[in-house]
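Chain by chain, the residues:
Number of protein chains: 2
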Amino acid sequence: MSIYFEAAANLLPWMIEMRRQVHAHPEVRWSEEGTIMLIKQLNSSSYSHASFLHHDYQGGFVLDVISGIDLPIMAFRADLDALPIQEETGLPFASQVPGVSHACGHDLHIAMVLGVARAVAAGLVKPTHNLRLLFQRAEENPGAPPDPNSGGYYLAQEGALIGVTKLYVLHVLSTLKTGSIYSCEGPIMGNSDRVCVKIKALGGHVAHNADARDVNALRIASECIPMLEAIVNPLAGRNISCEPTGLIAGKGQSSSNIMPSEAEAWLACRTYLGADERTALHEGIKRQISGNVARYSNNRASAEVTVIPGHPATINHGFAGFKSTLEASGIAVLDKAPELGGDDASHLGNYVVQQGGEFVYAFIGAGGEGFADHHTPQFNPDESAMQLGLEAYLALACS
Amino acid sequence: MSIYFEAAANLLPWMIEMRRQVHAHPEVRWSEEGTIMLIKQLNSSSYSHASFLHHDYQGGFVLDVISGIDLPIMAFRADLDALPIQEETGLPFASQVPGVSHACGHDLHIAMVLGVARAVAAGLVKPTHNLRLLFQRAEENPGAPPDPNSGGYYLAQEGALIGVTKLYVLHVLSTLKTGSIYSCEGPIMGNSDRVCVKIKALGGHVAHNADARDVNALRIASECIPMLEAIVNPLAGRNISCEPTGLIAGKGQSSSNIMPSEAEAWLACRTYLGADERTALHEGIKRQISGNVARYSNNRASAEVTVIPGHPATINHGFAGFKSTLEASGIAVLDKAPELGGDDASHLGNYVVQQGGEFVYAFIGAGGEGFADHHTPQFNPDESAMQLGLEAYLALACS
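Going line by line, the protein sequences match chains A and B. In terms of numbering that gives the first Met the number 0, the first sequence opens at residue 0 and continues consecutively. In terms of numbering that gives the first Met the number 0, the second sequence opens at residue 0 and continues consecutively.
Check the hints yourself; a few may be wrong.
Copies of the same chain look alike in the list, so a pair counts if it works inside one copy or between any two.
What the hints assert, rightly or not - Below, in silico cross-link-like pairs of lysine-lysine (BS3-like), each with a Cα-Cα straight-line distance of 25 Å or less:
1. K197 with K250
2. K285 with K250
3. K176 with K335
4. K199 with K285
5. K176 with K39
6. K125 with K250
7. K39 with K125
8. K285 with K197
9. K199 with K250
10. K335 with K125
No wet-lab data here; the hints were simulated from the structure.
Kindly generate the complete structure, drawing on both the sequences and the hints.
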């Protein structure tokens, strides 16, 4: 039984307490003030084994945990923001904010990375690195107001990673079984791009629907789902997926005798394409959906198609070393096929790799079969998985 | 040239002025107070040829125009309410209320029926009937808040039609050429029923969309359009139509990485079926859509299906007499195939016919090719068509 395991087991109850505090008070992107205040309450004055340095950036809050002079800098990342989802778990520590919840597990990430600071400051482990703990704002929904950029983008721009030679990011995944860590070399997550299609049509009285496909903006917007699939499917061997995420048309009952003249459809479009191919796909989507809508509606409706680039693909460099370090401490690391989630840790990782460093993004199993997916009202990951996450971070810090 | 033509031509400028006043200040169902106040400003004190009696009902305002003792009572109907549509005509007298407009021509109906009162009171014509002018609230969107019932339903219940032997309702139609009146014997418009489908699904992260049709409420709600069509199409020989009017899922950009767990679809379902067959169809829709959603989603999503009965079908009794009266005055009356609009004049008409009277609902051409359809932001009927409407009402009043 490693000292990392013992330290993590020791701190699990404290991490659970911290996680539940954060969970009850979720804050959406670019409004994470309360969460940052809570993080800042952990200070080093009551400990003798490390000193803490605080840095406020636009992209988030950075806590340096200094264990010695001239140690190399290793960074870990926790994301701070919650999602616009009404929690329906019924948990005693459920979100107290209507319509907002930590439905992606960022609350667990915060508690784990805080656990690192506390374990080091209390002398439970002795790192071979000074640690830069990145508490990053606005990971979710790049492109959305009030600032389309993400926290990771800003942290990389602001120099928060200068001098960092290794960056590791652990993300819980409720659909993977607790007890292992899962990752791979190279691309692990995709470009998380969004397509917004605004249809403008003539509309009309529902009784006059003989030429509905020409004039009913809702009917036309519904067709955008198969239209995007038709564009993307020929590229399917390249691991591309698209999925509708929103559609707004009409005003419910109060307009229930009207064929809407406007509709807005939102679709996710996720790929591993590099910058040039990605841009070409976006241009193709804009051109083809506009053309398809015109043809479908006999030139009586039009589509304004916007592609909002999300996070770039997340690409690992250094998985072999990451894996051997963890396995040497008795932690199971399983190979995982890449998936088309997206994370702005990619901005941070790209920066570190460009400077010659290493970057590994990995998932921590936090549930398994029967656990609700991320981004759902029932999301309720296995919080005991934080123990393995902290154990892994500590093993890396001491490697 | 008949005296009806002359009277109507004489009053057209006044009707246009009244219509534009109403048009600029539209009021949605059950909020027509300002419109009724405007109507009440027309009083008989300055005229010597008829006296006016005012009656306030829950269903609207009724103006009796009394020309003599013991004359039979003939009723005309004007509907008062506007629609929740943002006007985009750019007209100088366009709606001054954001998001609300007279996009169905009720403003023209009000001006025409007021024209009847003024023509009779001024002695321009000499009716053989006392006239009951029904200014009826809440014709649009039966089933919607704040009161699901319509104004016509209440007027019939409240006794506003007691003693009425003939009821005529003229409705402008912008897609028919100005200059003629169009109607038929028997059914002319349909049961204007609504179907609301609320989908509850698991939702999920957009990257986990391998089983999207099981969990994405938006994808499932979009399928309700073909599902309803599949139920209704086998009855197509019976003149049945369905059309989507609304779909709400997700929160646009702020939820653009989430497969929605909820979606609400609205569909219009219009038929000429009698009461029993209509009820059977509603039960079939509820049962089959619920079952289809369960099957489509592999029992992982559920649908709550509500059918909101709209106005009953509009069924004319007495078209031959109506037509011969108008043709005798030189007014062109063309046969029109029934269409699946809906109007709560059916409540009024059913009442009169049950009492042994006559009821004819007819369209006045008010535009033609190139004119925007009813219920659209660009709706702008030919207001000169009010002249023919008034001419017809006066010819009927004197028949």
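Hints, one by one, checked against the model:
Within a single copy, K197 and K250 get their C-alpha atoms as close as 16 Å, and across copies as close as 14 Å, so both meet the 25 Å cut-off. In this assembly of identical chains, K285 and K250 lie within 25 Å of each other by CA distance solely across copies; the values are 22 Å between and 27 Å within a copy. Within a single copy, K176 and K335 get their C-alpha atoms as close as 12 Å, which meets the 25 Å cut-off; across copies the closest is 68 Å, which misses it. In the homo-oligomer, the alpha carbons of K199 and K285 lie at most 25 Å apart inside one protomer (15 Å), although the nearest pairing across protomers, at 31 Å, exceeds that limit.
Proximity of K176 and K39 under a CA criterion of 25 Å is satisfied in neither setting, with 32 Å inside one chain copy and 74 Å between copies. Taking CA atoms no more than 25 Å apart as the test, K125 paired with K250 passes in neither setting, with 61 Å inside one copy and 47 Å between copies. Taking identical chains as interchangeable, the C-alpha atoms of K39 and K125 lie at most 25 Å apart only when both belong to the same chain, with a minimum of 22 Å there against 89 Å between chains. For a Cα distance limit of 25 Å, the shortest separation of K285 from K197 inside one copy, 11 Å, qualifies, whereas the shortest one across copies, 31 Å, does not.
In this assembly of identical chains, K199 and K250 lie within 25 Å of each other by CA distance both inside one copy and across copies; the values are 16 Å within and 19 Å between. Taking the shortest alpha-carbon separations for K335 and K125, neither the intra-copy value of 30 Å nor the inter-copy value of 90 Å comes in at or below 25 Å.
Of the numbered hints listed earlier, those contradicted by the structure are 5, 6 and 10.
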